[in-house]
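Undergrad: Next come the chains, spelled out residue by residue.
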Amino acid sequence: MKSALIAWRDLSAYLTGFYGYAIIALLLLIQGVLFQAFALGGGALESAEVLNRFFLTSTWATGFAAWLLSMRAIAEERQTRTELVLHTSPVNDWHIIIGKYIAVMGMVILFLVCTLHMPAMILVHGKVSMGHVVVGYTGLFFYGSASAAIGIFASSLVRTQVFAVILSGALIAMLALVFWLASVTEPPFTQVFEYGALYNKHMPPFHEGRMGLKHVIYFITVTGLFLTLAQNTLNQRRWQ
Amino acid sequence: MIQVSNLTRYYGSLPALRNVSFEVQRGEIIGLLGLNGAGKSTALKILAGVLAPSNGSVSMNGQNVTDNADKLKSKIGFLPEEPPLYRDMTVTAFIVHVGRLKGMTRQQALARLPEVIRITGLQGRENQLIGTLSHGYKKRVGIAMTVIHDPELVILDEPISGLDPKQIKEMRGVIRRLGDKRAVLISSHILSEISKTCDRLIVLDQGKMVAQGSQEDLTSHLGNTQIKLTVRGNKGDFTAWLDRHPLVKSSKAVEAPEDCTAAIIKLDGDEREALAKEVMNAGFGLRLMEDPEYDLEEVFLRFTGGPAPLSTNDLPVSADLSEADAPTEEINS
Chain A
1 MKSALIAWRD LSAYLTGFYG YAIIALLLLI QGVLFQAFAL GGGALESAEV
51 LNRFFLTSTW ATGFAAWLLS MRAIAEERQT RTELVLHTSP VNDWHIIIGK
101 YIAVMGMVIL FLVCTLHMPA MILVHGKVSM GHVVVGYTGL FFYGSASAAI
151 GIFASSLVRT QVFAVILSGA LIAMLALVFW LASVTEPPFT QVFEYGALYN
201 KHMPPFHEGR MGLKHVIYFI TVTGLFLTLA QNTLNQRRWQ
Chain B
1 MIQVSNLTRY YGSLPALRNV SFEVQRGEII GLLGLNGAGK STALKILAGV
51 LAPSNGSVSM NGQNVTDNAD KLKSKIGFLP EEPPLYRDMT VTAFIVHVGR
101 LKGMTRQQAL ARLPEVIRIT GLQGRENQLI GTLSHGYKKR VGIAMTVIHD
151 PELVILDEPI SGLDPKQIKE MRGVIRRLGD KRAVLISSHI LSEISKTCDR
201 LIVLDQGKMV AQGSQEDLTS HLGNTQIKLT VRGNKGDFTA WLDRHPLVKS
251 SKAVEAPEDC TAAIIKLDGD EREALAKEVM NAGFGLRLME DPEYDLEEVF
301 LRFTGGPAPL STNDLPVSAD LSEADAPTEE INS
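Chains A and B, in that order, are what the protein sequence lines are. Taking the working numbering, I'd label the letters of the first sequence as residues 1 to 240. Taking the working numbering, I'd label the letters of the second sequence as residues 1 to 333.
Don't take every hint at face value.
Computed cross-link-like contacts, BS3-like style, restricted to lysine-lysine with a CA-CA straight-line distance of at most 27 Å [what the hints assert, rightly or not]:
no.: 1; chain 1: A; residue 1: 2; chain 2: B; residue 2: 138
no.: 2; chain 1: B; residue 1: 166; chain 2: B; residue 2: 196
no.: 3; chain 1: B; residue 1: 277; chain 2: B; residue 2: 235
no.: 4; chain 1: A; residue 1: 2; chain 2: B; residue 2: 235
no.: 5; chain 1: B; residue 1: 138; chain 2: B; residue 2: 228
no.: 6; chain 1: B; residue 1: 277; chain 2: B; residue 2: 228
Computed list of chain B residues with no C-beta within reach of chain A, every gap over 10 Å [stated by the list, open to error]:
no.: 7; residue: 69
no.: 8; residue: 70
no.: 9; residue: 74
no.: 10; residue: 77
no.: 11; residue: 86
no.: 12; residue: 97
no.: 13; residue: 136
no.: 14; residue: 150
no.: 15; residue: 235
no.: 16; residue: 274
By construction, these hints were calculated from the structure, which means they are not laboratory data. Glycine included, every Cβ here is placed at the ideal spot set by N, Cα and C.
One chain only, chain B, in its complex shape (with noise of 0.2 Å):
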């Protein structure tokens, strides 16, 4: 659905983008990952019709983006990072009134509007005025106002930043029920709540695509195995018995449940049975053995030589957020 060869743009002399090329199929959700500059926000705008490239192309069903802008800016929904929206509008009036710029009819966008107020969660504030909703309500008019004309291709620049942990949950529900009929890019600096939402990765460097693919694909470049291995035991006695156990290259003691010992271990290969085995005949008593969350920062580590983007680990509020997604709905077409 989505096509880009050889995105190139240039800010002055500064490459912001180098020869960038994936494509994107509806039904997806791509996570685009990146430190601040690797050129994730530019390429999104010009994904958007927004900005022109300086060379490549960016294709949507066959269609040049930037020949036939004002044509796909109808299929296409934009929400920059901090959602551009009149202060002075109600939630309702600002809604219908970018559903109109996009080319529907009031009718339209006035028979659309219950069911985007409510994918969004934005019930009970169709009548305050935006200026005076929070930040995650901002956000979430900014998801309507994205989603009005019923777009193709939906793009979000750091959809999640600036939320807390209940609006970060209530985000990736809303995320994830879009990505059910369309194609979906968002851009996070949130490491790990990327992986949760995404169906595939595209990590950018200093402007360069350095990898692309689910994180498994990704993880299996890493070339050792890692697993978080939880056991009935003595902490010090199981963190002795891993450092001088040969299949072990190392480990990490982690936050672990009452009564019990964790790990995070690296293996030279995927030795997961031997060492399950091997675990249970030392005498401790093997709980849990599983892929430790944070993956995705040894990935992107790996491909861009940099400091890993923050965690949800990192955030100031502990909450619980792989589960109780909101429930699923869908978009109607």
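Isolated chain A (complex conformation) (with noise of 0.2 Å):
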């Protein structure tokens, strides 16, 4: 019920502002153009290809909503000296965290919502499965799950907006980026890093229609892990 209280009042901060409109509409300019340019361009294609290319593209339009729609969080609260509303409240940082956290993932439903009328179009002039559309979906929104925690917990970290970005930027770009380890390092790490990846195994079976539960585990287990991290930086910081 708190986490219910404070994910509508920042999900009210993001749909009465300019912000969440802004960065939402920047997004899908640059997922149309990219839809446009790279799923349906190059020549004929099968209609689950083209399924295939919306959804990689989709993939880091996903994780770029939650990184910019995650950094303002908690950074936000600290730079307002709002923190203070929710630490004389009977709420804990579990209520402040998931609070939070539903709010950038409802802001990123609304993009993934936004964005149904490219595979909409698919489904009309091709022919492919609903599955496929569903799995591809629940990627992405395992996909800005995780990029969501990354970001909230680099939000806990630090005092301004602009550090958290940069901050979550360089985390998200980094796990995305660990699967080249795999190719320069030895087993057992190959695996390691390769599992460890935030794309590289983990998203392409989605944009296929290929739902994996080790791939939902993972984007489970990093959502998790992150989150936990950001309760403990807050709970940290407020007894100090």
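Work from the hints to combine the two standalone chains into their complex.
TA: Right under this line is the structure:
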């Protein structure tokens, strides 16, 4: 209930202000251009391949949306000192973190809903299975969830939104690019880095319409880990 | 109701608060007085449950505030010096939101809202965005968020800082009304103001409590009597008479009404009756003998050995702040 209150306040702030809409509009524009140029362009393609490419470009757009929307989650409260509204209320750190996470994910879902017309066009003009669309969006949701959790953790560490966006950007990039280490290391580190990478191993199956349990577990684990780290950071700071 | 025992707080190796102990009863308004860095805000934050003490404890109705912070926060209202407000929310939406965070249902918060709006004088601003309000109104919204859940203990850190004299006068009324049924703890830099609002004062200096009591209690520790004497007569003659009078330890001329002369006088003991008799025998028309308003500054200097915080005399706008409090209203429990 307390988390829902915090989430509702943050969502209201996104929806009544300029910031949330600006990010979604900008990313939809980029996503539209990429869809036209990358997913639809390059000669005749099967509908499933077009959908696959759409999910590929959407993954990056979703990651950006979660990254940019989460930077203000806690850093802004600290910057404007409104965190005291929460700290003087019978609200624990998990309530705060979950509330912030729900608010960011609410906006990420709004962004994903705004992209639905693109697969809808493929459905109308081509032949793809509904299951492929559902699994693809499930993957985007999980990718956004992990990115949001990383962003919220970064936001809990620093005092300003600028530092939060830099730090979370660095963390997401590091986690996404860690697969490069797999190519220069020996087993078992190769497997560890491959499995640990945010994108390379875990997103392509979703793009192709295949849902694997280990990929779902990976994203849930990353989300849970970074939200727990954020909760711990808040707890440490609260009593400093 | 509130028991503070040996409260100590370190920031790193720096002690901000050292073995502070006091009690607060329901219906009491307590003022925390001290220079910057004296430990006032630290003490208030610990009492509000947002900061843990390094040593010592705060209990409320027998329950430790730090150990039961989540439970007791619904009984405590805390307003920091800079009210934490969401600028993008309307006054009503924000107050209801805070009420719900404190554990009220939406219906309960909405039912209490008109009372809180009335007490804090926010009528007509209910639907205004907080970001567009003046500093004084933002303070009022801060007070409203502090009392929406009808707390037993209200803690206000510098509630009148940055307010103009008219707003200070109104805020004083608000604080007094809060103190009718609750324990209220306030800190302030405005020395004369805190004495007008509070029943009891606690003087902090470098993290230590150096004195506590009513203004009269503390003044009595000074060891000599200080009075303000207003007479009808020539200023030069009166000053010369005071300078050579054996009962007068020292005197300082102060502003007086037309045709009158006034001075703040220190006596060795309580010789007020004798002095009054001699003033009249000397041919001066005795108009007024009263306690001077800035006794508290003397108290502060005596106990801390440092300069006193601002008094209302230092405020830029002259206004009579001692009169015309807002009409008495009560907050329904």
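Undergrad: So, for every hint listed, does it hold in this structure?
TA: Hint-by-hint comparison with the structure:
| no. | hint | result |
| --- | --- | --- |
| 1 | A/2 <-> B/138 | 25 Å, holds |
| 2 | B/166 <-> B/196 | 15 Å, holds |
| 3 | B/277 <-> B/235 | 19 Å, holds |
| 4 | A/2 <-> B/235 | 68 Å, violated |
| 5 | B/138 <-> B/228 | 38 Å, violated |
| 6 | B/277 <-> B/228 | 15 Å, holds |
| 7 | 69 | 8 Å, violated |
| 8 | 70 | 4 Å, violated |
| 9 | 74 | 5 Å, violated |
| 10 | 77 | 8 Å, violated |
| 11 | 86 | 6 Å, violated |
| 12 | 97 | 6 Å, violated |
| 13 | 136 | 19 Å, holds |
| 14 | 150 | 14 Å, holds |
| 15 | 235 | 52 Å, holds |
| 16 | 274 | 55 Å, holds |
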